[in-house]
Amino acid sequence: MTPLADILLAAINDRRAELITLLQGFVRTPTANPPGETRRGAAYLEAFLRRCGLAYRVIAPMPDMPNLLATFDTQRPGPHLVLNGHIDVFPPGRDERWRHGGPWSGTIENGRLYGRGTADMKCGTIASFVTYALLHEHRDQLAGRLTLTAVSDEETGGKWGTGYLFENHRDEVAGDCCLNGEPSSAHTVRYGEKTPHWLIFRVKTRGAHGAYVHMSASANKIATRLMAALEDLTDIRPEMPQAVARNLADPAVRKALDDGLGEGAAGLVQKVSLNIGMIDGGLKTNMIPSECKLEADIRLPVGVTKQRIRAEVTRILKDFPEVSVEEISHPHDEANWCDPEGHMLQLIQEAAHRVSGVRPVPVITLAATDARFWRQSGVPAYIYGCSPDLMGTYDEAVGVDEFLNVVRVHALAAAAFLAPEGKGI
Amino acid sequence: MSDLRRRLLAMIDADRDALVDLLSRLVRARSPNPPGDTRAAAAVLAGWLEVRGAPYRVVACNPTMPNLIGSIEGARAGPHLVLNGHIDTFPPVAAERWTDDPFSGRILDDKVWGTGSSDMKQGTASLVAVYGWLHALKAEIGGRLTLTAVSDEETFGPNGARYLLEHHSSEVLGDCLLNAEPGAPTTVRFAEKAPLWIGIDIETVGAHGAYPHKSPSATRIAAALIEDLAAIEETDVELPPALARAIANGAPEIDRIHLAGAAANMGRVTLNIGTWNGGMLVNMLPGHSRIEADIRLPWGVSPTAMVAKVGKIVARYSHASMRVISSQAPEWSDPDHIMVDLIRRNAHEIAGLNVRPIPSLAGTDARLWRQRGVPAFTYGTTATNVAMPDEHTDINEWLGVVKTHALSALDYLSRGATK
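As given, the protein sequences belong to chains E and X, one line each in that order.
Counting from 1, position 41 in the first sequence corresponds to residue 41 in my numbering; the numbering is continuous, with no gaps.
Each number in my numbering comes from the position in the second sequence (counting from 1) with 1000 added on.
Next up, chain E with everything else stripped away, as it sits in the complex (with noise of 0.2 Å):
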């Protein structure tokens, strides 16, 4: 009998022009968040699962932003895993800066797809729905339960996505292990992650007329002087756990990091880092600003946890009595990790060595992902997908192989976490 993994791969290596249609239709699908509508999105995939013939439910608390849930149950005793994926994307910026047909053009040009999301996270969710479908197809030689969620609202925080399912659909969501596809490049599975703390800062001052600068401070002007103060946060010394530091020692994981997030990333992986994402202060050009409001995007690594950042937060806000702040990311979101040598780790290494050559290593990552609700809740979570190069920029793209890589990756994976005891695939 052909060993699963083989039939797997020869099921994608046979479905390779429909899989980037399917691909290249969803990328086409509009979903920026914000504004965050992802219903059509939503429908793009159900569309998928009914002719496939798979049942699924639609959880929508919000009625704009639908998430899907499927499971499948082998009737076999075995662990159970969840797959994950968000359908939303970051928003696509100003039209005229993208080539190749725009943000939604799904074009592909020297084989790469080209389009707002194809990367984060458009890539990975298709892979979990072909994944799903797949193994469903021979849920005969598996154990165990696979279940699929595609979630709306990755981007702001999940709150009505994957932290709506945990908090109302625990026991068909939490799993036993959760495979994501979110970039992580073909070099690192990701194990944990940083942690984003997120502050509104709002600098307030009397205002006046533009032309005399003597009757009231500036606020636009304190906000220069805020962003250089914060800077302190990024000097920050982290206290790592053993198995993260040991693991963040290693030169092959800092190469690893290095090679697939840029130069640099290891560095980043243990330092707090600072992004003022948005600044917006002043009402007219000739009126003295009496408000600006920066949105600033902390990310903590494993080891400093967010009381610590808000007791320095408030000895920078000292200096500045003009100035107030809010919170707005979770408040008990911590950086987060799971074991660095789990099972389902070493699976997803075998995998991508079969499928690519490139056996990845274990990282800690900069960027949130929805994988933190597992981890948070004690179940392991790793994540394999694309290159995370283009996303968020304009001409956002993924390699057409890549792709079809990181689907292969995720099904032999999956099939091999829900082989029966004592059977490989």
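A portion of the hints provided could be inaccurate.
[What the hints assert, rightly or not] Stretch by stretch, here's where chain E covers chain X in the computed footprint (C-beta under 8 Å, at least three residues):
| no. | stretch |
| --- | --- |
| 1 | 1090-1098 |
| 2 | 1190-1197 |
| 3 | 1279-1288 |
| 4 | 1301-1308 |
Derived by calculation from the structure, the hints in this document are not laboratory data.
Just so it is clear, the structure is predicted and the values come from calculations on it, not from any experiment.
No residue lacks a Cβ here, since even glycine has one placed at the ideal position from N, Cα and C.
Assemble the complex: chain E is given as a structure, and chain X must be docked to it using the hints.
Just chain X now, with coordinates in the frame of chain E:
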């Protein structure tokens, strides 16, 4: 005092309550610009003129931004005086910090409160009223009086004063302009600094916010650029003697009315970063940021030189590009002009004020007349909380200004007879 002047003052006194009501209603007829819909406020002014039978017509190149213009001919030859005020206001600032509704028009503590009550609905109401009273006296005055109430001074006048000067110049140019922007009734403004507005765009690749090593941050570049731009405030300035003298003589009064530091700012380049935006989402590394700088040039500094100076600073940042939004040269009129003399004498007579000719920090539509060679002067009430919460106008001070406007216009137009 001549009989004519006495009768004019009597008319004003008789209209006192109606006048205060006019200002209150004008404030309630909100006209923030942007967006700049001035129809309701223009209708309030038109109503005043209708009741008094004073001629006017609506000129509206943009239907939502009507201007009122009207002219009356005196009985004799004489100079042509143009009155100019604007109908629009700043957008209301920080609504939650106002004691009352920002457009209340409330009359309380002998003050009229609300957005535009000072800048410059008090002034425009005054000029409209003066035009109405002098219309009643037109058989006894000389020359010609033209009223212009315009829609978009706050956004530089493309639909308002500038439009009128371009398309109706023979009607609205005149021999002298009297404008009633707020300042202080102890000063008459004969010059103003010139606004130079520059937009700067910063464009980078952008990235996910967790990857700050992947792209320069447009907001961070903008912050650094803003810090660097402060250098333009150190520009050496050589003021023309008339201006240097007026600033030196007026310094204590300038600092009194516009707070300490105002006189020093008259003679130097100032920089305000009026708006600063950037980014799309908190967790994206911003790929663009935009700054709009409001630079004010004193007399003797050319906009061309300043644009070059800003350009040099911007050029240090490869991701930044700049464009000039608006540029003009600082202008001034003769501080010894007859209109200055009339305002000084009348303000002294009416309110016991010693009025000094000084330049102004802020720009007004008066500059458009100066640019066309017409002497232009601004006289108005104290600017109280302009572009701040709780903007208001003191009614008694305002009535003194209204009378000074009325008498100065009358005196100016009567000169034809005595020439």
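Q | Hint check, failures only | A | 4
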